[in-house]
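Spelled out from the first residue to the last, the chains are:
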Amino acid sequence: MNKLLTRRELLKGALAGGSFALLAACGAAPQAPPAPAATPAPAAPATEAPAVIGQTGSTVEITYWGSFSGALGEAEQAMVNNFNSSQSDVKLNYEYQGSYEETAQKYAAALRAGTIPDVVLLSDVWWFGFYLAEAISPLDDLAAKAGIDFADYEPVLLNEGVRKGVHYWIPFARSTPLFYYNKEMWAEAGLPDRAPATWAEFGEWAPKLMGDNRVAFSHPNGASYVAWLFQGVTWQHGGRYSTPEFEMTMLDPNTVRAGEFYGATTNTLKWANLSADLNQDFIGGATASMLASTGGLAGITKAAKFEVGVGFLPEETNFGCPTGGSGLAIPSAAPDEKKLAAMQFIKFATDENGSSTWSRSTGYMPVNVKAVQSADMQAFFAENPNFRTAVEQLPKTRAQDAARVFVPNGDQIIGRGLERILVNGEPAERAFAVVNKELEDAAEPVIRDLQAREG
Amino acid sequence: MAVVPTPNPNGMPQTAAWRTRFRREWREWLLFVLFVFPNLFLFGVFNYWPLVYNFYLSFVDWNFLRADILWVGFRNYERVFTSNKFYEILWNTVVFSVSSFIFTLILGLAIALLLNQRLQGRNLVRAVVFSPTMLSGAAIAVIWTYIFDPRYGLLSEILGFVGLPSPNWLTSTFWAMPALIIVYVWKNMGYSVIIFLAGLQTISKDLYDAARVDGANAWERFVHVTLPGLRPIVFFLSVTTVLQSFQAFDIIRVMTAGGPANATNTLIYHLYELGFVSFNAGQAGVIAVVLFIIMFTLTVIQFRFMDQSDHGER
Chain C
1 MNKLLTRREL LKGALAGGSF ALLAACGAAP QAPPAPAATP APAAPATEAP AVIGQTGSTV
61 EITYWGSFSG ALGEAEQAMV NNFNSSQSDV KLNYEYQGSY EETAQKYAAA LRAGTIPDVV
121 LLSDVWWFGF YLAEAISPLD DLAAKAGIDF ADYEPVLLNE GVRKGVHYWI PFARSTPLFY
181 YNKEMWAEAG LPDRAPATWA EFGEWAPKLM GDNRVAFSHP NGASYVAWLF QGVTWQHGGR
241 YSTPEFEMTM LDPNTVRAGE FYGATTNTLK WANLSADLNQ DFIGGATASM LASTGGLAGI
301 TKAAKFEVGV GFLPEETNFG CPTGGSGLAI PSAAPDEKKL AAMQFIKFAT DENGSSTWSR
361 STGYMPVNVK AVQSADMQAF FAENPNFRTA VEQLPKTRAQ DAARVFVPNG DQIIGRGLER
421 ILVNGEPAER AFAVVNKELE DAAEPVIRDL QAREG
Chain Y
1001 MAVVPTPNPN GMPQTAAWRT RFRREWREWL LFVLFVFPNL FLFGVFNYWP LVYNFYLSFV
1061 DWNFLRADIL WVGFRNYERV FTSNKFYEIL WNTVVFSVSS FIFTLILGLA IALLLNQRLQ
1121 GRNLVRAVVF SPTMLSGAAI AVIWTYIFDP RYGLLSEILG FVGLPSPNWL TSTFWAMPAL
1181 IIVYVWKNMG YSVIIFLAGL QTISKDLYDA ARVDGANAWE RFVHVTLPGL RPIVFFLSVT
1241 TVLQSFQAFD IIRVMTAGGP ANATNTLIYH LYELGFVSFN AGQAGVIAVV LFIIMFTLTV
1301 IQFRFMDQSD HGER
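As you go down the protein sequences, you meet chains C and Y in turn.
The first sequence begins at 1 in our numbering and counts up one residue at a time.
The second sequence begins at 1001 in our numbering and counts up one residue at a time.
Since the hints were made in silico from the structure, they are not lab data.
Owing to the predicted nature of the structure, the values given are computational and were not obtained by experimental measurement.
Idealized CB from N, CA, C, for every residue including glycine.
Only true hints are included.
Label pairs and their in silico Cβ distance ranges: (1) Glu-1078(Y) <-> Ser-88(C): 57 to 67 Å; (2) Phe-1292(Y) <-> Leu-251(C): 29 to 39 Å; (3) Phe-1249(Y) <-> Ala-71(C): 23 to 33 Å; (4) Tyr-1056(Y) <-> Lys-302(C): 47 to 57 Å; (5) Tyr-1056(Y) <-> Ala-71(C): 38 to 48 Å; (6) Ser-99(C) <-> Pro-1165(Y): 32 to 42 Å; (7) Ser-69(C) <-> Val-1095(Y): 33 to 43 Å; (8) Val-1095(Y) <-> Gln-87(C): 51 to 61 Å; (9) Thr-243(C) <-> Ile-1069(Y): 28 to 38 Å.
Just chain C, with the same shape it has in the complex (with noise of 0.2 Å):
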């Protein structure tokens, strides 16, 4: 009897303390910090933090949130080190967070949970979704306090993240397409030593280049990007996706003629095929060219065993290239401190020694004017030809349309089609009729929310 009691004691005693440690957890959870005092601990208490600027002895420590891993993510790190190394005001905490839409999706968690970073890198086609949510915060004070002018940078690129006027994006890791060869196989197939200037010339090229367990040319999957490249495609048969007001021009003769050149290169005219790893079949020789990203260039340089060759992309009745990459913002809800502390961080990522340091050890565009026409470019550019095609390119190329970078997964839903487009062999009007009608649907809370964010 004894035995039975305390035994029944104690295993009541242990659920009841259970019970009330868990009751206990959960009554604590609606006292937690509001939002923006949760942002990640400074280390001297909030309060005590001075501001970033005039005042020497104290440190205000920020967190940026970034995609760039391997030797991009060594490149980035580099940066930061240089970064908190050259001042004591400000200590910047690298953290990687994925692909560009990791890092997006959890930055929206991070809104929702209060815990958001100071900087957050985000892609072309994900900012303006948090500008639209007013997650973004507006840049042209902050950076006049912190000494940016905006007329240092290419202004190209950084129009694009400008709406009615103020800036809200700035540009970091920006890039463009590029046409890469692999010069090895062009020289086997006795071409000249250069890109094509238009896509009729390839195609004479092309059946040159063929060989066993060899395409002429690749195109990247749905995934890694396809509709970014098939924008520039599309431009230059004169089509587009959508107008910027957001209406979809799918349908465009000229889109629907590129759609179909597309799909002739993989279903008749069989010099391209469709790679689930673009990049590792360049350097692997499974393909002799490809269009792909400018931020690639020195990856893709430093493991190949032949010497890559890159040019501008292919023309048809017109030369269009787009932009791409992404670019700093710093989050509505950080402390005014922080965000100006980011905003430091922005200037040093960006201004001419930043951003030449960058661009060299990547390939990314010089987002800096300065950096472009400083004797470290220049010289970089003697040696390295190819990272100086990829700037004399960017003159050339334009924002893309609102509906692969303002529509919610509109990058995705254009890639699904050609993906219908090159592997299917589905007609073109087909295949852009069903993204037509998707890209209206996925639009229609972007347009309601761009009335009401800007009237």
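Starting from the structure of chain C, add chain Y where the hints point.
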């Protein structure tokens, strides 16, 4: 705690006996609540509440970011159910789940029968067969992406050895789904092998001996002794395998991302796309409701079936 004196049902007035019983029952009930509360609470917070909230989300227009949540009634349902894409994705899901279920069970049983024999080194083989189940789905998916590569992949080498060309596994709308099913079955078969093995060992040897005496050959013994003996195991595995296959996400995310051209887009992946790429909470909510209904119905049917067959056997 006071020690309750042992009641004497004969010598005690009825009200007192009733009170004692009530007090005891009440205590037991309290104890029961204390026991189930922690579990129920966690289930409530992490399962039931999201379920209820998801039903609500399926009726709104919201992108997780906007402060205002718009009530739109059945519009999300209308959008989802009138798009061809939804039916394409539903069909993909059925193909994936049914194939995974059939192959996992048939191959699992075949291997279990083999490993139930007295073979040399069978413990090692059992461990090898089970090991993919323990590995991370994402890691497996990355490795299989290389294995499937039509140019430098291991599988193309093997196919080449027997004179067959390698299909473009992951970039062909025809082959991408079979490729995913192969990986999924390979990864999850080990689990069913182990469960089948456990089941096989519960079947009494006497039954086999009796069947032998009656002149049954190996096939007849399998059909009339082994299979009926495994019936509860088959039901258990069919419930778990089907439900699991509906939730397969990691290998799809890594190997095909639902492509090419939606060929491997399943309900759960589409839910991810709508919710976390398009930030369309409403339509993602609709897909979650559809998934919930399908899985709930399947579970109910399977449990009914199981009950009936149990009664039948008794």
